[in-house]
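Quick note, the sequences are listed as chains A and B, same order.
In terms of my numbering, the first sequence opens at residue 1 and continues consecutively.
In terms of my numbering, the second sequence opens at residue 1 and continues consecutively.
Just to be clear, a hint being listed does not mean it is correct.
Each pair may be met inside one copy or between any two copies, as identical chains are not told apart.
[Stated by the list, open to error] Calculated pairs, SDA-like style, for lysine to any residue (alpha carbon to alpha carbon, straight line, at most 20 Å):
1) Lys109 with Ser194
2) Lys109 with Asn131
3) Lys161 with Ser18
4) Lys345 with Glu312
5) Lys345 with Asp319
Hints were generated in silico from the structure; no laboratory data involved.
There are 2 protein chains.
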Amino acid sequence: VNAEIIAIGSELLTPFRSDTNSLYLTDRLNTLGIEVEFKTVVGDVREHLVNAARIAFGRADVILFMGGLGPTEDDLTRECVAEALGIALRRDSGLVGELYKWFAARRYKMPESNLKQADVLIGAVPLPNANGTAPGQWLETEWAGRKLVIMLLPGPPREVKPIFDEQCMPRLKALGAGEQIATRVLKVAMMGESACDEIASKVYKKYRDIQTTILAGAGEIQLHLRGRGKTLEAAKAKVDKLADELEDALEPHLFSTAGESLEQIVGYYLDMRGQTIATAESCTGGLVAERLTSVAGSSRYFLGGAIVYSNELKSQFADVPESLVKTHGAVSSEVAKAMAEGIRKRCGAQLGVGVTGIAGPGGGTDEKPVGLVFHALADGKRTEVVQRNFPGDRERVRWYASQQALDMVRRKLSS
Amino acid sequence: VNAEIIAIGSELLTPFRSDTNSLYLTDRLNTLGIEVEFKTVVGDVREHLVNAARIAFGRADVILFMGGLGPTEDDLTRECVAEALGIALRRDSGLVGELYKWFAARRYKMPESNLKQADVLIGAVPLPNANGTAPGQWLETEWAGRKLVIMLLPGPPREVKPIFDEQCMPRLKALGAGEQIATRVLKVAMMGESACDEIASKVYKKYRDIQTTILAGAGEIQLHLRGRGKTLEAAKAKVDKLADELEDALEPHLFSTAGESLEQIVGYYLDMRGQTIATAESCTGGLVAERLTSVAGSSRYFLGGAIVYSNELKSQFADVPESLVKTHGAVSSEVAKAMAEGIRKRCGAQLGVGVTGIAGPGGGTDEKPVGLVFHALADGKRTEVVQRNFPGDRERVRWYASQQALDMVRRKLSS
């Protein structure tokens with residue numbers, strides 16, 4: 001069974017907006033064994049939309065139209081799909097009543113034009129929309145001798161997601177004698193893509209019926225696993241077996257087996273071990289603290305930190321001896337170590353993190369080039385320091401450095 | 001003149017990846033008066049790709065194929081476009097030589113399969129690729145009595161952008177007797193969408209031939225202006241006139257008239273006025289400092305800051321009197337004020353910023369609900385405090401609060 005997703009709206013053909021709903025819908029469809037084989041974006045133009053619909057009816061089994069269900073003249077999806085199918089629309093009196101109720105509850109007068117939102121393709125089931133005035137529609141029909149499933153869905157993410165999950169997924173499940181698909185996401189920190197693939201491929205190549213996709217970002221690699229089975233349990237069992245083997249093979253780089261972010265994992269470990277943490281940052285400018293505190297409940301383990309751009313503040317907030325900066329320079333292993341140890345004591349935390357480096361684009365020298373960063377982690381007994389030379393621009397160097405610092409905390413707490 | 005962009009690659013039909021190149025290409029095409037009217041995503045499947053190409057030839061004048069130019073079996077764009085057009089491919093001996101050179105320079109042996117990257121549509125001009133082995137192609141041809149411009153472009157952003165800018169744009173310009181399009185982006189901070197539109201619409205409605213698009217985000221609204229003219233200068237003059245009027249009307253909320261970010265603008269002002277700044281953050285957890293320091297050269301004006309989650313650290317790093325926290329609570333106007341004043345003095349900066357609030361999801365009470373944030377800005381003479389109740393989740397509240405804090409700095413420095 002294959003699907004086509006058609007996103008409708010002239011704003012999706014500008015340089016400013018792109019369709020993102022389709023990623024979510026693809027994920028949900030895949031769990032039912034339905035593959036998305038085409039995606040189309042078309043503007044609010046009657047002729048274009050009718051033709052795009054006809055093309056989709058000719059090449060896909062399940063067609064999802066998204067957007068163009070509003071009350072304005074530009075909202076053409078209902079009438080264009082009807083025209084493409086060669087069927088009529090009927091005005092649904094139940095939906096008309098719902099529309100009046102929706103406006104009455106908000107003490108607005110309903111504009112006449114909104115009535116077209118009650119128009120339904122003959123044979124279609126309306127899909128109530130709890131978050132807006134545009135109901136969706138579900139139609140099972142035949143076209144040129146083939147069975148089609150057609151869905152009309154609203155465009156805004158907060159409207160389309162609940163309608164699809166609560167009303168379309170159960171109907172698709174009921175239809176489908178198809179296979180079930182299970183997925184898992186594993187994440188690996190601070191490892192090169194080829195080094196990761198060299199280890200991982202030895203494992204996943206043995207599992208020919210599971211699709212493994214590797215996505216590499218700055219300091220993080222994601223492995224997406226997808227397997228099919230007659231039941232969801234059977235599919236899950238296969239995927240979980242591969243995930244377990246990959247987890248063993250990719251230790252200690254692997255940090256997440258269920259899609260969590262690195263800062264979430266660090267938070268779990270800090271909570272679990274009842275430990276607290278503090279940060280002193282130079283080149284990352286607060287990014288390490290910002291990531292740690294982006295996790296709900298982080299006030300349980302994150303006490304505070306300092307951003308110490310100037311050398312004076314390195315002493316004032318993290319007790320870095322001035323002589324150390326003079327002797328070794330602000331970007332040095334010694335200063336990173338002193339920052340981690342100083343902020344740890346100052347904040348009364350069990351762990352202290354220090355990061356100093358050159359994020360660029362300026363400030364680099366032959367000896368200390370842009371991308372050079374020192375990361376330190378102090379626990380009161382010993383202080384570990386890691387030196388790295390990161391590639392890329394300012395944003396990328398800062399991200400890499402925050403990733404390295406968080407990964408050092410994770411490794412310490414997980415061992 | 002209308003265009004269709006076809007992104008090719010099965011990975012673009014997964015839940016993990018979406019085509020982003022097309023936004024860039026759309027922006028460039030629009031400057032030449034070429035509108036993108038269709039976008040299609042299709043996998044590495046011969047039949048699908050040939051059909052998608054034929055559909056595009058039937059409905060668009062300019063067709064951009066992106067991706068599928070590599071050396072593997074999955075890379076089918078060259079042969080499928082040839083098949084759809086009913087023309088042949090020729091192996092270009094110049095390109096074969098380039099491929100051998102590319103591999104020799106890297107001391108690799110060239111795999112036989114790479115030779116197919118030297119295959120060119122009969123009549124097409126190869127477009128050298130400085131950043132990869134896959135050259136692009138430019139073809140002007142006739143199809144069903146209509147003139148078509150067809151481009152084959154590589155998929156990776158760092159390959160497609162320079163090829164398109166340096167080799168396709170001049171060719172499109174030379175072809176086009178079309179109108180020119182000028183664009184401008186204005187940005188407004190901490191204003192509601194309807195309040196902004198109420199003011200802006202009075203202005204832009206007078207300019208019927210300029211398209212104004214309003215995009216609202218958390219604490220920031222963007223106004224995108226697009227106008228046409230016979231020359232780029234004529235188009236620019238029209239758009240600039242509207243931009244100037246909008247700038248006057250939207251003062252003092254408007255902060256950028258050329259697309260700069262709020263932290264960039266704050267940086268410009270600090271640099272220009274020769275002022276320095278320091279930050280003390282609670283609920284934003286370092287986000288204000290992180291945004292300030294994301295700008296290259298920020299070490300000239302950003303001295304440092306503290307993240308003071310615990311009450312103890314509020315005293316230790318920002319000299320907030322303990323009694324103040326006891327009397328008014330950590331989330332209060334008084335504590336925000338003391339944080340701004342304390343960090344200013346501690347860091348020896350001209351300006352001090354203090355932010356304290358409840359980001360959620362936990363920690364809210366009836367009296368002090370999630371979303372309540374106090375923002376303070378101290379200059380040594382007086383300290384301004386702004387209280388806000390932001391909607392949304394933890395991430396959104398933190399973003400709003402950082403936006404509010406930065407906007408207070410901007411307003412102070414611009415007045």
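Give the relationship of lysine 109 and serine 194 under a CA distance limit of 20 Å: within one copy only, between copies only, both, or neither.
The answer is between: 19 Å across copies meets 20 Å, while 62 Å in one copy does not.
Could you place lysine 345 and glutamate 312 in one of the four classes (within, between, both, neither) given a Cα distance threshold of 20 Å?
Intra 18 Å, inter 13 Å, cutoff 20 Å: intra and inter.
20 Å Cα cut-off: does lysine 161 pair with serine 18 within a copy, between copies, both or neither?
Both: 17 Å inside a chain and 18 Å across chains, each within 20 Å.
Can you tell me if lysine 345 and aspartate 319 fall within 20 Å by alpha carbon in one copy, between copies, both or neither?
Classified as both: same-chain Cα gap 9 Å, cross-chain 18 Å, threshold 20 Å.
Should lysine 109 paired with asparagine 131 be assigned to within, between, both, or neither, using CA atoms and 20 Å as the limit?
within (19 Å within a copy, 59 Å between copies)
Of the numbered hints listed earlier, not one is contradicted by the structure.
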